[in-house]
Amino acid sequence: AQSVTQPDIHITVSEGASLELRCNYSYGATPYLFWYVQSPGQGLQLLLKYFSGDTLVQGIKGFEAEFKRSQSSFNLRKPSVHWSDAAEYFCAVGAAGYQKVTFGTGTKLQVIP
Amino acid sequence: DAGVIQSPRHEVTEMGQEVTLRCKPISGHDYLFWYRQTMMRGLELLIYFNNNVPIDDSGMPEDRFSAKMPNASFSTLKIQPSEPRDSAVYFCASRAGRIYNEQFFGPGTRLTVL
Numbered sequence: 001a002q003s004v005t006q007p008d009i010h011i012t013v014s015e016g017a018s019l020e021l022r023c024n025y026s027y028g029a030t031p032y033l034f035w036y037v038q039s040p041g042q043g044l045q046l047l048l049k050y051f052s053g054d055t056l057v058q059g060i061k062g063f064e065a066e067f068k069r070s071q072s073s074f075n076l077r078k079p080s081v082h083w084s085d086a087a088e089y090f091c092a093v094g095a096a097g098y099q100k101v102t103f104g105t106g107t108k109l110q111v112i113p
Numbered sequence: 114d115a116g117v118i119q120s121p122r123h124e125v126t127e128m129g130q131e132v133t134l135r136c137k138p139i140s141g142h143d144y145l146f147w148y149r150q151t152m153m154r155g156l157e158l159l160i161y162f163n164n165n166v167p168i169d170d171s172g173m174p175e176d177r178f179s180a181k182m183p184n185a186s187f188s189t190l191k192i193q194p195s196e197p198r199d200s201a202v203y204f205c206a207s208r209a210g211r212i213y214n215e216q217f218f219g220p221g222t223r224l225t226v227l
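Chains V and F, in that order, are what the protein sequence lines are. Residue numbers for the first sequence follow the working numbering, so the first one is 1 and each next one is one higher. Residue numbers for the second sequence follow the working numbering, so the first one is 114 and each next one is one higher.
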C-alpha cells in the first residue's frame with residue numbers, strides 16, 4: 001500500500017522568503033502525487049499534481065513541485081511567500097489501479113511580516 | 114457549478130443522539146468520498162462510492178457509522194449513537210473519473226458531541 005510522509009508539522013517563514021515543504025512517498029511503481037492546500041475553516045483545494053511527463057509541475061498561486069524518483073520525494077516550492085499563503089498543506093499519493101488517495105499528516109505554514 | 118455542498122456546517126449534539134451529515138457532489142462526478150479530520154489522526158478516508166455503490170468502507174470506525182448514496186446527487190453519513198470521540202470535521206469530496214483527477218472537497222461539517 002502507498003504511504004506518504006510530511007516530516008515538518010509546522011513551518012514559519014517571513015513574507016517574501018522562499019518556501020519548500022517536504023513530502024516523501026512510499027510506493028513501488030510510478031505514483032500519482034498531489035499537493036492540496038487547506039485554509040482555516042475550508043475544505044482542501046488542489047494546488048498541483050503529477051502523474052506522468054515533466055517531473056517539474058506548475059500549480060496555482062505560484063507553487064511548483066518536483067518529482068524525484070531517486071529520492072521518493074515530491075517537494076513543494078514557492079520562490080516568494082505571501083501572507084495569504086498561510087494555511088495547511090497536504091501531500092497525497094495514489095496509484096494506478098486504485099481509486100483512493102492517501103493523504104499525509106499536513107504541514108501548517110505560518111507567514112510572519 | 115456550486116461545488117460540493119455539505120450540510121449542516123456545524124452540528125452540536127449530545128452523546129447518544131443520532132447525527133446525519135449530508136453531501137451533494139458536483140454534478141457529473143462519479144466518485145464520492147467521506148473523510149474525517151481530527152488533530153490526532155489527521156485526514157482519514159471513511160468510505161467511498163463509485164456510481165452510487167459503496168466500494169470501500171474499511172475506514173468506517175465502527176458499526177455506529179453508516180453511509181448511503183441513494184442517487185448521484187446525494188449522500189449521507191450517519192452516526193448512531195454518537196459519542197464524544199466522534200467530534201471532528203467531516204468532509205465530503207467528489208471526483209470525475211480516474212484517480213489522477215482532482216478531488217473537490219466540500220467546506221466540511223464540524224461535529225461536536227457533548
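No lab work stands behind these hints: they were computed from the structure. Note that this is a predicted model, so its numbers are computed, not measured. One or more of the hints may lead you astray.
As the list claims (entries may be wrong) - Residues on chain V that point at chain F, a partial pick, calculated with CB under 10 angstroms:
| hint | residue |
| --- | --- |
| 1 | F34 |
| 2 | R69 |
| 3 | G94 |
| 4 | A96 |
| 5 | G97 |
| 6 | T102 |
What the hints assert, rightly or not - List time: in silico DSBU-like cross-link candidates among lysine-lysine, alpha-carbon distance up to 30 angstroms:
| hint | chain 1 | residue 1 | chain 2 | residue 2 |
| --- | --- | --- | --- | --- |
| 7 | V | K100 | V | K49 |
| 8 | F | K137 | V | K68 |
| 9 | F | K181 | F | K191 |
| 10 | V | K49 | V | K68 |
| 11 | F | K181 | F | K137 |
| 12 | F | K181 | V | K61 |
| 13 | V | K49 | V | K61 |
| 14 | V | K61 | V | K108 |
| 15 | V | K49 | V | K108 |
| 16 | F | K137 | F | K191 |
| 17 | F | K191 | V | K68 |
| 18 | V | K108 | F | K137 |
| 19 | F | K181 | V | K100 |
| 20 | V | K108 | V | K68 |
| 21 | F | K191 | V | K61 |
The C-beta atom is built at its ideal place from N, Cα and C for all residues, glycine as well.
A quick look at each hint next to the structure:
1. F34: Since the shortest Cβ distance to chain F is 8 angstroms, the answer is holds.
2. R69: violated, 17 angstroms
3. G94: Holds - the Cβ of G94(V) comes within 10 angstroms of chain F, reaching about 5 angstroms at its closest.
4. A96: holds, 7 angstroms
5. G97: Hint on G97(V): holds, closest Cβ of chain F at ~9 angstroms, below 10 angstroms.
6. T102: Interface hint status for T102(V): holds (8 angstroms vs cutoff 10 angstroms).
7. K100(V) / K49(V): holds, 15 angstroms
8. K137(F) / K68(V): violated, 37 angstroms
9. K181(F) / K191(F): Roughly 8 angstroms between the alpha carbons, so the hint for K181(F) and K191(F) holds.
10. K49(V) / K68(V): OK: K49(V) and K68(V) at ~14 angstroms, within 30 angstroms.
11. K181(F) / K137(F): holds, 12 angstroms
12. K181(F) / K61(V): Violated. K181(F) to K61(V) sits at ~36 angstroms, over the 30 angstroms cutoff.
13. K49(V) / K61(V): holds, 14 angstroms
14. K61(V) / K108(V): holds, 17 angstroms
15. K49(V) / K108(V): holds, 19 angstroms
16. K137(F) / K191(F): holds, 15 angstroms
17. K191(F) / K68(V): The given pair, whose Cα atoms are some 41 angstroms apart, is violated under the 30 angstroms limit.
18. K108(V) / K137(F): holds, 29 angstroms
19. K181(F) / K100(V): Measuring from Cα to Cα gives roughly 18 angstroms; hence the hint holds.
20. K108(V) / K68(V): Given pair K108(V), K68(V) holds - Cα atoms ~23 angstroms apart, limit 30 angstroms.
21. K191(F) / K61(V): violated, 36 angstroms
When the structure is compared with the earlier hints, violations turn up for hints 2, 8, 12, 17, 21 and for no others.
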